[in-house]
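Student: Start counting the sequence shown at 1; every next residue gets the next number (full-length UniProt numbering).
Only pairs whose alpha carbons sit at most 20 angstroms apart, straight line, appear in this in silico SDA-like list of lysine to any residue: (1) K221 - E171; (2) K86 - E36; (3) K115 - G213; (4) K111 - Q123; (5) K86 - A118; (6) K93 - R29; (7) K93 - V69; (8) K86 - Q123; (9) K60 - F47; (10) K111 - Q217; (11) K93 - E331; (12) K221 - D136; (13) K124 - D136.
Quick list of the computed label-pair ranges, beta carbon to beta carbon: (14) A107 - T80: 15 to 25 angstroms; (15) V254 - M41: 49 to 59 angstroms; (16) R29 - H234: 36 to 46 angstroms; (17) T2 - L120: 32 to 42 angstroms; (18) V68 - H234: 37 to 47 angstroms; (19) A44 - T2: 21 to 31 angstroms; (20) A83 - Y247: 37 to 47 angstroms.
None of these hints come from the bench; they were simulated from the model. Since the model is a prediction, treat every value here as computed from it, not as a measurement. Ideal placement from N, C-alpha and C gives every residue a C-beta, glycine not left out.
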Amino acid sequence: MTHSVAILGASGYTGAELVRLIATHPELRIVALSGERKAGMPMASVFPHLRHLDLPDLVKIEEIDFSVVDLAFCALPHATSQAVIKELPRDLKIVDLSADFRLRDPAAYEKWYGKPHAALDLQKEAVYGLTEFYRDEIRAGRLVAGTGCNAATGQYALRPLIEAGVIDLDEIVIDLKAGVSGAGRSLKENLLHAELSEGFHAYSAGGTHRHLGEFDQEFSKIAGRPVEVQFTPHLIPANRGILATVYVRGEAEVVHATLAKAYADETFIEVLPFGDHPSTRHIRGSNFVHIGVVGDRKPGRAMVIAALDNLTKGSSGQALQNANLMLGIAEETGLMLAPCFP
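Input sequences plus hints: build the corresponding full structure.
Tutor: Following this line, the structure appears as structure tokens:
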């Protein structure tokens with residue numbers, strides 16, 4: 001059976017990544033692509049690397065006939081998504097890649113995003129889209145909220161450890177490096193080549209990054225009490241990839257064994273042999289996560305190092321994984337591409 005899908009916001013990086021992945025998916029067919037500022041243009045003009053594909057031209061969202069769409073991927077900016085989604089048919093399955101429906105508490109959303117939520121009924125309906133931990137809810141859901149890419153990386157490193165109680169919940173430090181595509185495709189002065197290349201800097205330091213809202217929500221839910229981690233992201237002069245080094249108080253061998261057991265049956269999560277380090281170059285362009293555990297010279301301390309591609313497993317690949325579940329398709333379909341190396 002073939003399912004028809006639309007991609008709203010197809011002129012951005014995550015939209016293009018969705019097209020790339022769906023292009024080889026045997027059970028999905030792209031019937032509509034939207035791009036407000038580039039409406040009327042062929043995708044080949046916007047993304048020449050996709051010119052070999054037979055794709056519909058970009059249109060405005062109001063031009064799409066959603067009666068022929070089984071599922072829509074919403075790859076629109078934050079705040080725009082909620083305004084658009086609340087006007088879509090209520091029986092349409094939706095995977096949202098923005099931050100608009102990730103946080104369950106309206107007050108938390110307003111705290112981290114600076115404005116009240118404009119679609120509270122939909123916020124209550126949304127399922128958090130970290131696939132490996134919310135499969136049943138995603139399978140039964142209509143609206144799934146994709147996670148933040150940084151939030152996903154930190155959670156893959158920490159969720160099993162918090163659940164198993166093998167680390168000190170008051171001493172968690174997430175030191176994360178992210179590629180520049182995570183900032184989107186819009187022109188920004190600080191992302192110009194001359195501003196970014198040959199440099200490496202922290203941003204949103206001191207507990208101000210919005211993905212902390214997801215960490216607070218998810219880690220506190222698992223622990224049954226408030227958990228607040230220290231988190232500092234850094235921007236690196238690379239197009240893709242996230243590498244998070246997570247410092248915890250716990251026995252390194254126990255930490256490794258806990259993660260290896262938790263992910264033993266997960267197709268997309270690889271726990272490396274104890275002492276091995278992951279690298280962003282080994283997951284580039286794929287839906288895989290690599291996790292390594294290293295002991296520290298100080299007894300009772302460990303480092304968990306996690307790597308994923310922010311555009312694939314951190315966003316569009318995760319979205320497709322969730323869409324597969326929602327449409328009754330095998331979860332791995334269209335996602336088994338090997339990483340691109342070198």
